[in-house]
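K.L.:
Protein sequences appear in the order of chains G and C. So for the first sequence, the numbering used here puts the first residue at 20; every next one is plus one. So for the second sequence, the numbering used here puts the first residue at 20; every next one is plus one.
Misleading hints may appear alongside valid ones.
Which copy? The list can't say, so a pair holds if one copy fits it or any two copies do.
[Unchecked claim] Lysine to aspartate or glutamate pairs mimicking EDC-like chemistry, simulated, CA-CA at most 16 Å apart:
id: 1; residue 1: K63; residue 2: D208
id: 2; residue 1: K63; residue 2: E210
id: 3; residue 1: K144; residue 2: D67
If you are wondering where the hints come from, they were derived from the structure by calculation, not from laboratory data.
There are 2 protein chains.
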Amino acid sequence: MTSESTAPATASQLDVFEDLRRRVDARLESVLTESESDASRRAKDAVDTVVQVRDLTMRGGKRLRPAMLLAAVECVVEWKTLAAAVVDTSCGIELLQTYLLIHDDWMDGDAVRRGGPTVHVSLAKRYNDDHLGASAAILAGDFASALAQDMALSPSVPKARLFDVARAFITMQREVVLGQTLDVLNSSDLEAIHDLKTGSYTVRGPIALGHALAGGSPEQWSALEAFANPLGVAFQLRDDLIGAFGDEKETGKSAASDLRQAKMSAPVRWALERLPEAKKSELRSVLGTDQYVRAQELLIESGAPEGVERRIDELEAKALAALESPALRREGARLLARLAALMCKRKK
Amino acid sequence: MTSESTAPATASQLDVFEDLRRRVDARLESVLTESESDASRRAKDAVDTVVQVRDLTMRGGKRLRPAMLLAAVECVVEWKTLAAAVVDTSCGIELLQTYLLIHDDWMDGDAVRRGGPTVHVSLAKRYNDDHLGASAAILAGDFASALAQDMALSPSVPKARLFDVARAFITMQREVVLGQTLDVLNSSDLEAIHDLKTGSYTVRGPIALGHALAGGSPEQWSALEAFANPLGVAFQLRDDLIGAFGDEKETGKSAASDLRQAKMSAPVRWALERLPEAKKSELRSVLGTDQYVRAQELLIESGAPEGVERRIDELEAKALAALESPALRREGARLLARLAALMCKRKK
Numbered sequence: 020m021t022s023e024s025t026a027p028a029t030a031s032q033l034d035v036f037e038d039l040r041r042r043v044d045a046r047l048e049s050v051l052t053e054s055e056s057d058a059s060r061r062a063k064d065a066v067d068t069v070v071q072v073r074d075l076t077m078r079g080g081k082r083l084r085p086a087m088l089l090a091a092v093e094c095v096v097e098w099k100t101l102a103a104a105v106v107d108t109s110c111g112i113e114l115l116q117t118y119l120l121i122h123d124d125w126m127d128g129d130a131v132r133r134g135g136p137t138v139h140v141s142l143a144k145r146y147n148d149d150h151l152g153a154s155a156a157i158l159a160g161d162f163a164s165a166l167a168q169d170m171a172l173s174p175s176v177p178k179a180r181l182f183d184v185a186r187a188f189i190t191m192q193r194e195v196v197l198g199q200t201l202d203v204l205n206s207s208d209l210e211a212i213h214d215l216k217t218g219s220y221t222v223r224g225p226i227a228l229g230h231a232l233a234g235g236s237p238e239q240w241s242a243l244e245a246f247a248n249p250l251g252v253a254f255q256l257r258d259d260l261i262g263a264f265g266d267e268k269e270t271g272k273s274a275a276s277d278l279r280q281a282k283m284s285a286p287v288r289w290a291l292e293r294l295p296e297a298k299k300s301e302l303r304s305v306l307g308t309d310q311y312v313r314a315q316e317l318l319i320e321s322g323a324p325e326g327v328e329r330r331i332d333e334l335e336a337k338a339l340a341a342l343e344s345p346a347l348r349r350e351g352a353r354l355l356a357r358l359a360a361l362m363c364k365r366k367k
Numbered sequence: 020m021t022s023e024s025t026a027p028a029t030a031s032q033l034d035v036f037e038d039l040r041r042r043v044d045a046r047l048e049s050v051l052t053e054s055e056s057d058a059s060r061r062a063k064d065a066v067d068t069v070v071q072v073r074d075l076t077m078r079g080g081k082r083l084r085p086a087m088l089l090a091a092v093e094c095v096v097e098w099k100t101l102a103a104a105v106v107d108t109s110c111g112i113e114l115l116q117t118y119l120l121i122h123d124d125w126m127d128g129d130a131v132r133r134g135g136p137t138v139h140v141s142l143a144k145r146y147n148d149d150h151l152g153a154s155a156a157i158l159a160g161d162f163a164s165a166l167a168q169d170m171a172l173s174p175s176v177p178k179a180r181l182f183d184v185a186r187a188f189i190t191m192q193r194e195v196v197l198g199q200t201l202d203v204l205n206s207s208d209l210e211a212i213h214d215l216k217t218g219s220y221t222v223r224g225p226i227a228l229g230h231a232l233a234g235g236s237p238e239q240w241s242a243l244e245a246f247a248n249p250l251g252v253a254f255q256l257r258d259d260l261i262g263a264f265g266d267e268k269e270t271g272k273s274a275a276s277d278l279r280q281a282k283m284s285a286p287v288r289w290a291l292e293r294l295p296e297a298k299k300s301e302l303r304s305v306l307g308t309d310q311y312v313r314a315q316e317l318l319i320e321s322g323a324p325e326g327v328e329r330r331i332d333e334l335e336a337k338a339l340a341a342l343e344s345p346a347l348r349r350e351g352a353r354l355l356a357r358l359a360a361l362m363c364k365r366k367k
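For reference, chain G alone in the conformation it holds in the complex (with noise of 0.2 Å):
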């Protein structure tokens, strides 16, 4: 087995995910519309932060973390052999992510996420006041938040697993959260922002989870996480591109939002290491103003685009060349295999 060759997935393989993600969708929305009863029932004046949490998590189409965790399993043992447990983590992940994008849209005072209104938006607008909203909103967050430890941590998963898996999810807060910490500083440690931020939450986290909850070995982790790191870089890159120059109808989010927010990504630095110093001038001078189509010509002038694309194959080559280990399940691996073209290819 261990010999095969990490060819893309088949047909059958890509409905492993899809699977996958109806199956966390019925999941979410059976927990989410037991969680907004409850608050009917114990609190109903704050039902409406309830559904907040579960229209902004059901908007959420993707799932690809979900994804993540089951490919890591299935390098480890036969996914299905822990079918309740993979698919409650993954709805653990995925309110991990709704907390997590509640208080970063707040922060970064952006009004559209996932094709609707952020939440600290609806809910300014539901008590016609801003800083109650901020407030609820904030607190929406910190509601998701509880519930996604519930399932990361809920009976399904084995006792003795129990200790590793929450390891892995706590672990993933806490370099995500320094993540955001350094993001919405402005850091210039773009480095530490990439590793912390996206690398953690969307690649490494849930990998490490899947190896957690699938009981995998040091060795299998070593393979996985380098795997994950390289990854998880350029799956941030294709951020930062979707960042500059990604649409708002094509990306459910403010177009060209980091430049508005002048916000020190990739192609940006890119620019500001290659322009002629009257162009640089230019385009610090338009980042973080409405001029942003102005931005993204200058970018386009030093090449940013390009230059970062071929940053991301060179990643994407070598997270590929990490599911060579023979320590991988190659049911896994081309799982994982699959999952990174598609990461690194993503329009939105």
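With chain G held as given, fit chain C onto it using these hints.
P.N.:
This is chain C only, laid out in the frame that chain G set:
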């Protein structure tokens, strides 16, 4: 043993709490110092938020919740047999409180906490920007939340009890977040706020954690819950009196903050139910303004302080009666009785 009366704790039992406080403080100091070094290495620009978490946590002197947890453990087994886990889960509760306080203080616009500036105020000053300060404060809270989970589910917790400890810890969070949401939205459902907000994470939550950690029986839980619920309400009523009449120097919080925020607290509700129409209108008009001295006069005129005090006494008596249960070890019941007295009589 079970026929012994529930007399106040002796001097040597008080030393148990003092001993615990020292151990919890030392462990918190060590964990937070480690987190700070870790952040310095991996996310240098985010270290301020970790320092804020540390400062606020270390300024919390009473450690009443850890004492409650220890006493609940002692109702089931000798706490010394689980000393490391009692200290670690106690740190988890204290860090949970740090998380909740940081978020609450920003929502309530409070400037003072535990005798120092609140985190959002410190960070706004540090970054010379209110929104950035608030964002970094929310993230400081989120970081404390992750750290709280790390300590509550630490390696010292017996593996066979980790699942129950996790459930207790998560339930507490779900409840307190719903309670805080009601509070922020100024819900008129005071009972739900008392039960979910303060009751849950001050009394019932720590006791549930202690019970789970010690592997207690359902009978022991029934008795502990019958103690916790009335005491939780009594604690909240005391909080409401302090929030209306306490002064900043003694409480470490802004003076009369509940009156200035027009909170529907127990003394306010008492007065609104009993004052004659004209004074009722006057009270309504001064609530939420700087005229809190007049609001205090009106509350006193209505008999609110004595009325609420009487209710606290009744609730304390009810809580103490539950401790007579033969299911509980007398050593633990005595500690809980002592804590009930401390909580009902405190001035801050």
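K.L.:
Now, for every hint given, state plainly whether the structure supports it.
P.N.:
Taking the hints in turn, this is what the structure says about them:
no., hint, verdict
1, K63 / D208, "between (44 Å within a copy, 9 Å between copies)"
2, K63 / E210, "between (44 Å within a copy, 12 Å between copies)"
3, K144 / D67, "within (12 Å within a copy, 33 Å between copies)"
Violated hints for the displayed structure: none, as all numbered hints are satisfied.
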